[in-house]
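Chemist: Taken in order, these protein sequences are the chains called A and B.
The opening position of the first sequence corresponds to residue 60 in the numbering used here, with each subsequent residue numbered one higher.
The opening position of the second sequence corresponds to residue 5 in the numbering used here, with each subsequent residue numbered one higher.
There could be a bad hint or two in this list.
To be verified - Stretch-level coverage of chain A by chain B, calculated; a stretch enters the list once three of its residues show a Cβ under 8 Å from a Cβ in chain B:
no., region
1, 70-83
2, 134-147
Unchecked claim - Which residues of chain A face chain B? A few of them, derived with a C-beta cut under 10 Å, are:
no., residue
3, Arg89
4, Glu96
5, Ser158
6, Thr159
Stated by the list, open to error - Chain A is faced by these chain B residues, among others (derived, beta-carbon under 7 Å):
no., residue
7, Leu425
8, Arg426
9, Gly430
10, Gln433
11, Asn541
12, Ala542
Simulated from the structure, these hints should not be mistaken for laboratory data.
Keep in mind that this is a model prediction, so the values were computed, not measured.
Heads up, the beta-carbon is just placed ideally off N, CA and C, and yes, glycines get one too.
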Amino acid sequence: MTTEAVSGPILLVEDNNVDLDLALRAFARRDRTSPIEIEVARDGEEALAFLPRWESGHPTPAVILLDNKLPRVSGLDVLRKLKTHERFRRIPVVMLTSSTEDEDVRTAYDAGVNSYIVKPIDFGRFIEVAEQIEVYWCAVNHTQR
Amino acid sequence: MVWPALTVLPGRILAPLLLAGFAFIGAALNYVIQVQEFRDQVATDQRRRLTEILNFEQNRLELQTGLASRFHLSRIVASMGLRSAVTNALLVDANGQVVGAMLRVRLNRPLTDAIASEAPAVRAGLLAIASSQGKGIEIVEPHGDFALLGRVAIRPDMTLIVRNDLGIPLALRAAAGHQELWRETALILLFTAALAILLHVLWFSRTARLTQAVAAIGEGRFDTRSGLAGRDELGQIGRALDRMADDLRIRQANLEQLSALIDHSPVVAIEWRNAAGLPVTYVSDSVRQWGYTPDELLSGAVRYRDLIHPEDRPRLRTALVSHLTGGPDDYRGEHRVRHVSGQWIWLDGRTWLSRDASGRVTHVRSVLLDVTSLKKTEEALLRLNATLEARVVERTAQLEAANRELESFSYAISHDLKAPLRGIDGYSQILLEDYRDRLDDEGRQFLANIRRGVAQMHELIEDLLAYAHIERSVPQPEPVALQQLVDEVLDSYAHEISTLGAKIDVDVRTPELSVDRNGLALVLRNLVGNALKFSRNAAPPRIGISSREEAGAMRLQVRDNGIGFDMKYHDRIFGIFQRLHRAEDYPGTGVGLALVRKAIERMGGTVRAESEPGKGATFLVEFPL
Chain A
60 MTTEAVSGPI
70 LLVEDNNVDL
80 DLALRAFARR
90 DRTSPIEIEV
100 ARDGEEALAF
110 LPRWESGHPT
120 PAVILLDNKL
130 PRVSGLDVLR
140 KLKTHERFRR
150 IPVVMLTSST
160 EDEDVRTAYD
170 AGVNSYIVKP
180 IDFGRFIEVA
190 EQIEVYWCAV
200 NHTQR
Chain B
5 MVWPALTVLP
15 GRILAPLLLA
25 GFAFIGAALN
35 YVIQVQEFRD
45 QVATDQRRRL
55 TEILNFEQNR
65 LELQTGLASR
75 FHLSRIVASM
85 GLRSAVTNAL
95 LVDANGQVVG
105 AMLRVRLNRP
115 LTDAIASEAP
125 AVRAGLLAIA
135 SSQGKGIEIV
145 EPHGDFALLG
155 RVAIRPDMTL
165 IVRNDLGIPL
175 ALRAAAGHQE
185 LWRETALILL
195 FTAALAILLH
205 VLWFSRTARL
215 TQAVAAIGEG
225 RFDTRSGLAG
235 RDELGQIGRA
245 LDRMADDLRI
255 RQANLEQLSA
265 LIDHSPVVAI
275 EWRNAAGLPV
285 TYVSDSVRQW
295 GYTPDELLSG
305 AVRYRDLIHP
315 EDRPRLRTAL
325 VSHLTGGPDD
335 YRGEHRVRHV
345 SGQWIWLDGR
355 TWLSRDASGR
365 VTHVRSVLLD
375 VTSLKKTEEA
385 LLRLNATLEA
395 RVVERTAQLE
405 AANRELESFS
415 YAISHDLKAP
425 LRGIDGYSQI
435 LLEDYRDRLD
445 DEGRQFLANI
455 RRGVAQMHEL
465 IEDLLAYAHI
475 ERSVPQPEPV
485 ALQQLVDEVL
495 DSYAHEISTL
505 GAKIDVDVRT
515 PELSVDRNGL
525 ALVLRNLVGN
535 ALKFSRNAAP
545 PRIGISSREE
555 AGAMRLQVRD
565 NGIGFDMKYH
575 DRIFGIFQRL
585 HRAEDYPGTG
595 VGLALVRKAI
605 ERMGGTVRAE
615 SEPGKGATFL
625 VEFPL
């Protein structure tokens, strides 16, 4: 595989320590050589706190990986805020969650999510998913800067 | 008036009395008429006789005058006294001297002197006729004297005057007439008596029977019969009366039956006369069910209006006034009356008005049915309904809460149970990869077992989630092409099929179905997965999928040539967590077939299996179309 320039960091919104650690390890073990910058928000409020930083010049992420079940402000609320934001509503958001519930999938898409991915239990599969997310959202997909 | 006085007496007495009275009156009238006739007859007879006498004596006297024998003349005149009723005979000469008379003393004297001894009326009559100058026979009836006076001129110059008394012949005639009259009267009375007897036999005795019969029937003894025969008017009346009595008896019997029916029915019938105070004129015996006797209501000791519930009174009064003034004549409504015990009885009443020929309301009639128990049931039902609705609302809220709880529970399973699994699997794999050198074979084997457990746990959670999902989802029928669905399912197993070298035989002959697509896909996926799992040791595995439309039902069949099972376990294999084999031999959660059965039942279908150990299994699914 060729190395391509990553167009921006990945913002990972995840409250669970284990899941966060595994996700970071999965991205670290991906079959790619180029470094990838991952920013982390540990809950919905931290995620929303990125908005003023982006406005003051901090680079916006290439994709936001959003867990749904978060303390205080849920992933769905963060999604709705982002997708109704004047400037940042075009940032791709991928829901990365455990729920396979139709209802959750439907409300996520209704709120404007760009993709809905169920976290694989199998760690090997998780690594593949991480790699595919990076390839697609950071390299293949073209977004407005 | 005379007539009412006459009707005081019965006919059988009055009629003979009247007959006798009329007979007497007739006889008396006859007598009066006869007496008058006697006078006329006597007067006529005597006049004719007097004329004859005068004629005869004129001739005799004129013969003697010619002989100029005065003696003979007087003798002839005197002889006239022999004739009955002749009281005076006077022969007067031209000088007015009496030359002949019945009494010798009157001879040779002037007429006036000669008759001086006579009664004045007789004398005046004689003088009057003597002065007459007629030539022939002249007869007059003098005024004031019941007699005939005759005068005849005797040639040459004399006049004969005769007085013929009428009283004596009349008396003789009357005497004879009286006898005749008495005989006639006696005869009339005799016939009257005979007629009275005949009338009594023919009419009055029968009339009396008729009268008694009518009186008896009038008193209500409808078994009484007049028993009158005959073809006369009385006989006809009698027979008509008997027929009427028959008719009345039948009608009375019918009325009594009807009355008994009402008296024994739950209905109370009441009739009021439309007069001041609405007096009750009839009430059925069934009123006793309210604790009152008919007499109490009829006598006014208990007034109906006092029994009516105070709340219902104004409404009923308004309704009655409105119906009496403007109709309609029929009214139906409910009201309450007080039972003698003080409890209130609900009545369903039908009331109608009776009018006379002039349209005036004469009576108000009602039939009243006790509907208290119905009312109570109705009220209980209403109460029950009200509480039922509240209970349904409450239960629905509880069910909704339970449903929400279930949803959050399954959400917790999907999220919270899977999260630790990811950690266990992830760190097991990291250990295997990053710490491989520091683990011996046994340690690596342990980690592999941990990862297999995680996979099983994950599969179980997913199956449970699917089962819960099926349980609370409503099937959404949509057009499904079965062939396409089967192909999709087989595609999902493409890797396994090629690995096992399985032969798949698809024979779908069902056109488009209207079913829940997700449900049917789940069923097919599980059945095909099962077939592959249990026939993997066959050489080669053969799986047949076919469908037929039969008798208005769709029959879907999934057949394999796997290990099969004993039919005694048929019902167990469709139960949740039921397994027939060890997990090492045939891995699985024991949820698959339970999921199949649940999904099919939700779609209104059935599933069963046919098998023998070692001879494969066939799963049969049936849906009504």
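Chemist: Less than 10 Å between beta-carbons is the criterion; does arginine 89/A satisfy it with respect to chain B?
Modeler: Violated. Min distance 14 Å.
Chemist: Any CB of chain B closer than 10 Å to the CB of serine 158/A?
Modeler: holds, 5 Å
Chemist: For the restraint on glycine 430/B, tell me whether the closest CB of chain A is nearer than 7 Å.
Modeler: With Cβ-Cβ at 4 Å, under 7 Å, it holds.
Chemist: Between the region 70-83 of chain A and chain B, see if three or more residues pass the 8 Å beta-carbon test, and mark the coverage as holds or violated.
Modeler: That given contact holds, which follows from 4 residues of the region 70-83 of chain A lying within Cβ reach (below 8 Å) of chain B.
Chemist: Does the interface hint hold: is glutamine 433/B within less than 7 Å of chain A, judged Cβ to Cβ?
Modeler: holds, 4 Å
Chemist: Classify the hint on glutamate 96/A as holds or violated, based on whether any CB of chain B lies nearer than 10 Å to its CB.
Modeler: At 22 Å from the nearest chain B Cβ, glutamate 96/A fails the 10 Å test, so the hint is violated.
Chemist: Any CB of chain A closer than 7 Å to the CB of leucine 425/B?
Modeler: Check passed: Cβ of leucine 425/B comes within 5 Å of chain A, closer than 7 Å.
Chemist: Quick check on alanine 542/B please, does its C-beta sit within 7 Å of some C-beta on chain A?
Modeler: Because about 29 Å separates alanine 542/B from the closest Cβ in chain A, which is outside the 7 Å limit, the hint is violated.
Chemist: Restraint: asparagine 541/B near chain A, CB-CB cut 7 Å. Satisfied or not?
Modeler: Constraint on asparagine 541/B not satisfied, violated at 27 Å.
Chemist: Taking the closest Cβ pair, is threonine 159/A under 10 Å from chain B?
Modeler: holds, 6 Å
Chemist: Against chain A, run the beta carbon of arginine 426/B and see if the smallest gap drops under 7 Å.
Modeler: Holds: closest Cβ of chain A sits about 5 Å from arginine 426/B, inside 7 Å.
Chemist: Taking a Cβ-to-Cβ distance below 8 Å as contact, does the region 134-147 of chain A have at least three residues touching chain B?
Modeler: violated (count 0)
In this structure, the hints that do not hold are numbers 2, 3, 4, 11 and 12, in rising order.
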